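S.K.: Residue strings, one per chain:
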Amino acid sequence: MVNEILRQKIYFALFRGATIFSVATLLFVLLYILKEGSGVISIKFLTGMWSHADITEGGIFPAIIGTFCLAIGVCIVSIPVGICTAIYLNEYAKDNYFTRIIKLAIRNLAGVPSIVYGIFGLAFFVLFLNMGTSLIAASLTLGCMTLPWIITASEEALKAVPYSFREGSYALGAAKWETIRKIVLPNSLSGMLTGSILGISRAIGETAPIIMVGATFYISYLPTSPFDKFMALPYHLYILATQHSSPYAREYAMGTSLVLIALVFILNSGVFILRYNLRKRKEW
Amino acid sequence: MVSITALMILIGIFFFLFATGIQAFAEISLHDFFLKATWNPAAYTEPAWGILALITGTLMVTFGALIISVPLGIASAIYLAEICAPKPREIIKPLIEMIAGIPSVVLGLIGILLLSPLVAGIFNLSNGLNALTSSIIVGIMVLPTIITISEDVLTSLPKEFREASLALGATRWQMIKMTLIPAASSGILAAVMLGLGRAVGETMAVLMVAGNSLAMPTSFFDPVRPMTASIAIEIKEVVKGSLHYEALFAVGLVLFIITFAVNFISDMIIEKRTRQYKW
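Chains L and F are the protein sequences, given in the same order. Numbering-wise (my numbering), the first sequence opens with residue 10 and increments by one. Numbering-wise (my numbering), the second sequence opens with residue 589 and increments by one.
Bound-form chain F, shown alone (with noise of 0.2 angstroms):
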């Protein structure tokens, strides 16, 4: 019976999100709400309803996330678990696990206090509040993801790939690059979507810097305004019921469901590694 309660509450979530978001469109044209640039929900005249200035921040903070967090994360990742000594691992690998579990409320803080500067500073910016500070912060929050599983998928892999590729002459960076990595490679693909996914959902870290401008972004160094943050500035002043109400749950509902895609690939891509190798 518990459990079955527990069913209906997730399965309930989709389903009350799914029934408040899809109300907006019974005013708002699918075309106009993804496909054009100006949100302005509280305009007295011709409020818009558009997401597209929304969606271009969460893909470029994410986007921004990902250039940082995949190379460093995997490289540290075949360090940790092929070439570092057992000593040095065996004090990083905990401390990694810690450092993920710091909030993401404290990064934004990090953000705004010593990244914003520095990044102002250095390209010459008058506030440095963009999305290249909080793509750096958001890269920095899903680093320790990645490294962690990607290094479990490695270590992972039989000891006998290794030592027949020793064994036919390769040097251990030929078994590297030529026995491990591709038969850890969708693992690391997993690893890298699970990355994905937090940087798109992220929100405090969003919230605190990457500047709250609704206007579309063309570079790096302007401030975006990611749906995530969006929801979470707006919500609280919105009468229940509104238009403006149900378009923010249809953002939501977004999310959700690029979350839930995202998560489900890299699901897929587990799956069908276990049945793949049976090892």
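Next comes chain L alone, as it looks inside the complex (with noise of 0.2 angstroms):
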């Protein structure tokens, strides 16, 4: 017995010492971030226009007004649609062979890695529909990818009403879109849009997408258009870090890479804050 318990510490120490070193990492990763991008972060950095000649001169805002119009672009493509079709699946079609391979194909795409929606973007949007290299292209192959997240997201979230709640509607005579309409997207929709925002907080740092379908390191002026090319924190920062030879290059690319994540931490947190209220909120 007492070799056992020896055994114990023995493995929770190794284990805590796993834990301790996994988190430290992660950390450590972040606080790195914060310290090396911290020192350039500024107000001209922030609402600058991008200056080619000397990058100590300008700002990275058309970058961070690119990246906002992309996620507006992907939250209009995909959000309506993801749900739409969670919708359908999980409440109208029925549960037969056919609709089950629909949904294990849609929860394998989540899973399909964003260099091969980016080179389909190219060739279906950017080629075939003839949108040119441009903010639109970008924001319907970023929405394709999002899609199966927030299917599969809005699912769950469907999942999660009681099916008493339908059998109450039901038995007070309202039809099947009343009950959607009234009982399960209420309950449901919270759930369906903290996913949508996870999903856009990631299609926001991807970058090998959009590398081949619309965004550009540098253009001298703010997209106007859907069909302009624009620029993104994400690409912006792998093009400084890579492809810069400005001495300050790397510093400055840290200094965005602080901006992006602050930018998906912010969507993040607002998830984080979301959901505990809900959780509070619910009691069934």
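It is worth saying that the hints were derived from the structure and are not from the lab. Keep in mind that the hints are not guaranteed to be accurate.
Listed below are the simulated BS3-like cross-link pairs for lysine-lysine, each with C-alpha atoms no more than 27 angstroms apart in a straight line [what the hints assert, rightly or not]:
#1 L/K18 with F/K765
#2 F/K860 with F/K765
#3 F/K824 with F/K624
#4 F/K747 with L/K168
#5 L/K44 with F/K765
#6 F/K824 with L/K238
#7 L/K191 with L/K168
#8 L/K168 with F/K681
#9 L/K185 with L/K112
#10 F/K747 with L/K18
#11 F/K828 with L/K238
#12 L/K18 with F/K675
#13 L/K185 with L/K168
#14 F/K860 with L/K112
#15 F/K860 with L/K103
#16 L/K168 with L/K103
#17 L/K168 with F/K860
#18 F/K765 with F/K675
#19 F/K828 with L/K18
If you want a taste of the chain L side facing chain F, the calculated C-beta under 8 angstroms gives, among others [to be verified]:
#20 S123
#21 V125
#22 L136
#23 T216
A quick note: this is a predicted structure, and the numbers were derived from the prediction, not measured. Yeah, the Cβ is synthetic: ideal placement off N, Cα and C, and Gly gets one too.
Join these two chains into a complex; the hints should help.
M.R.: Here you go:
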């Protein structure tokens, strides 16, 4: 028995060590970005136009706006379609072999690498539909990529609404659509939205697809139409880090990644707060 | 209607990739494509289309990343789910989920600025951009995925398992080892498979830190160029409809099939698991 307790102590210490190591590594990554990046953050850096000749003179405002437009584009493309598809699959579609295959395929598409969506977007939206490398092609490409994530998350939210709610509504004589609109949706909408926001926050950090379908490193104007090219934070920092000759490039890349991470974290913390309030309210 | 459009799009992606990628095989034999190590599409006289070196790069980085992240991830998940006091867990779990949201391009940047000089210094190499460095970066990337999913699996095990085991006189470690880990093993396996899928498909981090060499790697200190990075580098420069363009789509198709299969297997594991245990 003493032996067993000793063994337990050894293993627990081992596991604690592993956890501390993992968490410390992850924290270190975060703090390193914060430390290296905060040096270049200034009002000029955040609101100035990009200056190509001397990068210390300009800011990343167009890249922030580009990423922002892209996020809105992706929302427009994928959230309505994703939520409608989830409602259809979960509420209307018969639970037969075909539906199960579709659901399985959607779940698996959620794990397909972003670069594969990128080449699809290049071939289909940019070349085949002749949109050129543009904001709209990038929104559609990233929209296709986030669609499976949003469908899966929305389905989970719909499943979480107890079946008795629906039965209660039917018993009162409500039709199917009435039930969905007045009972199912109000109880699952926030869950669907949290899933969608998480999807969008992952999409704005994606770099590989937008390299091919629309982002440029430098343009002198802000995008005004969906067919314009645009600057985007992740692509900007990728070029700064790998292909820029200025001695300050890496420092500025760090600053750019700090801005990008801040954006992602703001979106994610919104989700956490929403989810927390949601759990408190639900009592079934 | 909307949902049918969405489904059409998603199915369309596969067919589009397939239709373009398959054309490459009209001119490149399957044997040359998969088993030759030389990838040199831009050569004037004799372009070479073997992706073996690229596949090896992908496998090395994935394997290295999993060696780093699987033991750490599972151990951390067990610690967080079973050993840790509730207070620190409440802080650590959201923290890990937050960190999972860091875009891979940022991790790639850290790989270039911090890790590669470190690796070069420790192993006395002239250049730290190699398979080892990218394995570490991709490992850090998949670590949160493995931790959160395994932890969810462990905490979803019924309380009775723990109580029964402890009532039989087991120590907590014996309970974890003999009861919880076997019961959670398929779920943990699914978590590892999901991590694997992410590692195979990771593009930006490997593009930035793997070193981009087309030579067949012989050790973890060699620079490599995984499939994802090759597509990202070359696709912008090729002419649409050329053999090179089609060949890159074929590489994309291979990636698609690998990740789809990996996800499919982990899905099957989870499915079987939920049917097997009805608690």
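S.K.: All the hints need checking, so say for each whether the structure fits it.
M.R.: Taking the hints in turn, this is what the structure says about them:
1. L/K18 with F/K765: Holds, at roughly 13 angstroms.
2. F/K860 with F/K765: Roughly 22 angstroms between the alpha carbons, so the hint for F/K860 and F/K765 holds.
3. F/K824 with F/K624: Answer holds: F/K824 to F/K624 is near 24 angstroms, not above 27 angstroms.
4. F/K747 with L/K168: Judged against 27 angstroms, a Cα distance of about 24 angstroms means the pair holds.
5. L/K44 with F/K765: violated, 41 angstroms
6. F/K824 with L/K238: holds, 15 angstroms
7. L/K191 with L/K168: Holds - the C-alpha atoms of L/K168 and L/K191 are around 16 angstroms apart, at most 27 angstroms.
8. L/K168 with F/K681: Given pair L/K168, F/K681 holds - Cα atoms ~24 angstroms apart, limit 27 angstroms.
9. L/K185 with L/K112: Answer holds: L/K185 to L/K112 is near 22 angstroms, not above 27 angstroms.
10. F/K747 with L/K18: holds, 23 angstroms
11. F/K828 with L/K238: Holds, at about 20 angstroms.
12. L/K18 with F/K675: holds, 21 angstroms
13. L/K185 with L/K168: holds, 16 angstroms
14. F/K860 with L/K112: holds, 16 angstroms
15. F/K860 with L/K103: Holds. F/K860 to L/K103 sits at ~22 angstroms (cutoff 27 angstroms).
16. L/K168 with L/K103: holds, 15 angstroms
17. L/K168 with F/K860: It holds: about 19 angstroms lies between the C-alpha atoms, which stays within 27 angstroms.
18. F/K765 with F/K675: holds, 24 angstroms
19. F/K828 with L/K18: Violated, because 62 angstroms separates the two Cα atoms, which is more than 27 angstroms.
20. S123: holds, 7 angstroms
21. V125: holds, 5 angstroms
22. L136: It holds, given that the least Cβ distance between L/L136 and chain F is near 5 angstroms, below 8 angstroms.
23. T216: holds, 4 angstroms
Hints 5, 19, counting from the list given before, are not met by this structure.
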